[in-house]
Amino acid sequence: GAVVSQHPSRVICKSGTSVKIECRSLDFQATTMFWYRQFPKQSLMLMATSNEGSKATYEQGVEKDKFLINHASLTLSTLTVTSAHPEDSSFYICSASSAGGGNTEAFFGQGTRLTVV
Amino acid sequence: AQSVTQLDSQVPVFEEAPVELRCNYSSSVSVYLFWYVQYPNQGLQLLLKYLSGSTLVESINGFEAEFNKSQTSFHLRKPSVHISDTAEYFCAVSENQGGKLIFGQGTELSVKP
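Quick mapping for you: the protein sequence lines, in order, are chains A and B. Numbering follows the numbering used here, in which position 43 of the first sequence is assigned residue number 43; successive positions increment by one, without gaps. Numbering follows the numbering used here, in which position 31 of the second sequence is assigned residue number 31; successive positions increment by one, without gaps.
Keep in mind the hints are simulated off the structure, nothing from the lab. A virtual CB, placed ideally from N, CA and C, is assigned to each residue, including glycine. The reader is advised that the hints may include incorrect statements.
Unchecked claim - Listed next, the stretches of chain A that the computed footprint assigns to chain B, with coverage defined by at least 3 CB atoms under 8 angstroms from CB atoms of chain B:
1) 62-74
2) 108-114
As the list claims (entries may be wrong) - List time: in silico DSBU-like cross-link candidates among lysine-lysine, alpha-carbon distance up to 35 angstroms:
3) Lys14/A <-> Lys66/A
4) Lys55/A <-> Lys66/A
5) Lys14/A <-> Lys41/A
6) Lys64/A <-> Lys20/A
7) Lys41/A <-> Lys69/B
8) Lys49/B <-> Lys69/B
9) Lys112/B <-> Lys49/B
10) Lys112/B <-> Lys55/A
11) Lys20/A <-> Lys55/A
12) Lys41/A <-> Lys66/A
13) Lys49/B <-> Lys64/A
14) Lys64/A <-> Lys41/A
15) Lys41/A <-> Lys55/A
16) Lys41/A <-> Lys20/A
17) Lys41/A <-> Lys49/B
18) Lys112/B <-> Lys41/A
19) Lys14/A <-> Lys64/A
20) Lys49/B <-> Lys20/A
Pulled out of the complex, with its shape left as it was, chain A reads as follows (with noise of 0.2 angstroms):
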């Protein structure tokens, strides 16, 4: 099956900083990538879908500017949580999904446990 690795695994930053956290399609060409926010113990919710090339559409209730998403390439995209708060420390997750090629589902990395202090 298709590849995505989400890096890094971990990353505990201080309140105020910015954090980035890369999604990879490592064997097919995402065209869509998903970025999903986990809270303990909840479910996934959707932050913002990413198009290549396009800017990010995130949902209702997710700030665009302190949720800076970028999808320059057809491999990769980025989240940067900027001015990090210790409300923001969650389990990040992204998934790629390449459209017209046959997929049927989209793939996820690994996930990116954020720690702010």
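Fit chain B to the given chain A structure using the hints.
Just chain B, lined up with the frame of chain A:
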């Protein structure tokens, strides 16, 4: 709008017993249905999916799910569980192939010896 409801937040069961994890969905259009499994501090692994055709779908590790359109359900079953099946299970729907997923709240399956 779509929604997914997993009726049980926790399901404790003894090893080798059968289990059913319930999932109901709501949608005004046709959907694709998925079950994912998540082990602690890991990403999601696709367990099985329903796209079209036979309403009964199976995974390689003994799980199966049946799409019931009239009841808008996609319950997950396994006739005999193992300790290693202990994990969080998420039901999800999507309108499009490879599109965004709407997840249920998750069901924590705990298999005890």
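Structure-based check of all given hints:
no. : hint                 : in the structure
1   : 62-74                : violated (count 0)
2   : 108-114              : holds (count 5)
3   : Lys14/A <-> Lys66/A  : 16 angstroms, holds
4   : Lys55/A <-> Lys66/A  : 15 angstroms, holds
5   : Lys14/A <-> Lys41/A  : 24 angstroms, holds
6   : Lys64/A <-> Lys20/A  : 14 angstroms, holds
7   : Lys41/A <-> Lys69/B  : 29 angstroms, holds
8   : Lys49/B <-> Lys69/B  : 15 angstroms, holds
9   : Lys112/B <-> Lys49/B : 27 angstroms, holds
10  : Lys112/B <-> Lys55/A : 47 angstroms, violated
11  : Lys20/A <-> Lys55/A  : 17 angstroms, holds
12  : Lys41/A <-> Lys66/A  : 24 angstroms, holds
13  : Lys49/B <-> Lys64/A  : 32 angstroms, holds
14  : Lys64/A <-> Lys41/A  : 25 angstroms, holds
15  : Lys41/A <-> Lys55/A  : 31 angstroms, holds
16  : Lys41/A <-> Lys20/A  : 24 angstroms, holds
17  : Lys41/A <-> Lys49/B  : 23 angstroms, holds
18  : Lys112/B <-> Lys41/A : 20 angstroms, holds
19  : Lys14/A <-> Lys64/A  : 21 angstroms, holds
20  : Lys49/B <-> Lys20/A  : 32 angstroms, holds
The earlier numbered hints that this structure contradicts are 1, 10.
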